[in-house]
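Build the full structure now, drawing on both the sequences and the hints.
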Amino acid sequence: MNSLVIVLGIVIIFFIYLLFKYLSNTSSMLVNNIDFSKSVPTINSVASPTNTSYAYGIWLYVQKWDANSKKIIFNRQDNIKLYLENSTPTLLCDVTMNETINNAATIKNIQITNSFPLQKWVCIIISIDNQILDCYLDGKLVLSQQVTKTTTSTDNKTNYIFPATPSDKVVLSLGGDSTWSANALLFTRWTTAVDPQTAWDWYMKGNGKSKLKSLFTSYGVNYSILKDDVAIVNNQPLF
2 MNSLVIVLGI VIIFFIYLLF KYLSNTSSML VNNIDFSKSV PTINSVASPT
52 NTSYAYGIWL YVQKWDANSK KIIFNRQDNI KLYLENSTPT LLCDVTMNET
102 INNAATIKNI QITNSFPLQK WVCIIISIDN QILDCYLDGK LVLSQQVTKT
152 TTSTDNKTNY IFPATPSDKV VLSLGGDSTW SANALLFTRW TTAVDPQTAW
202 DWYMKGNGKS KLKSLFTSYG VNYSILKDDV AIVNNQPLF
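One rule links them: number in the numbering used here = place in the sequence shown (from 1) + 1.
Worth double-checking, as some hints may not be accurate.
[Stated by the list, open to error] List time: in silico BS3-like cross-link candidates among lysine-lysine, alpha-carbon distance up to 27 Å: (1) Lys65 to Lys39; (2) Lys82 to Lys158; (3) Lys121 to Lys206; (4) Lys141 to Lys65.
Keep in mind the hints are simulated off the structure, nothing from the lab.
Laid out in structure tokens, this is it:
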């Protein structure tokens, strides 16, 4: 077979793969700017809500630490919750499993890090591909874990329990039912799991001064330049 034909075939397959990846993995920014010291409206609609592969991304800045306050970042009912422990800067993720005990869903608790940075912007991405959970902090993979639970039946057989399929009903809250001292930007959801390159690209896209500028988009800052108490540049917008 002509080597040129083989090379062209490989190139075509590669471009088909890229096109499929682009069309199948869509992202949407759900909320641009979040102040967790205030109540945040609940989100009731997302694309492809029942997908078992999906991802969430958010930029988080913890202002002050109060050991008495709950620190929920986001929580989709009967699906996934990302939060910080009350007393320590430990980032945790709860995943609802396909099991109920005493009419309550079983929760799989996953510790991502016990030293979450304070008073600096941190990019967080939680990606779930069926039963595999990946977490990226500042574009780097820090955790990859299989989210399963095992039980033993009466005949000593091992049964595997996997994450529950998300409902088509969406109740997605930011901050939970309490307020705490933190800000967030660019809360985004992907309709499939993300790969390391996508996570890194999203981090690099949001990294830099644009985050701080976005945080203050609801405010305006003007400046004036004086020489001998006379304005030579008067009341010009800074941003």
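Need the list of violated hint numbers for this structure, in ascending order. 2
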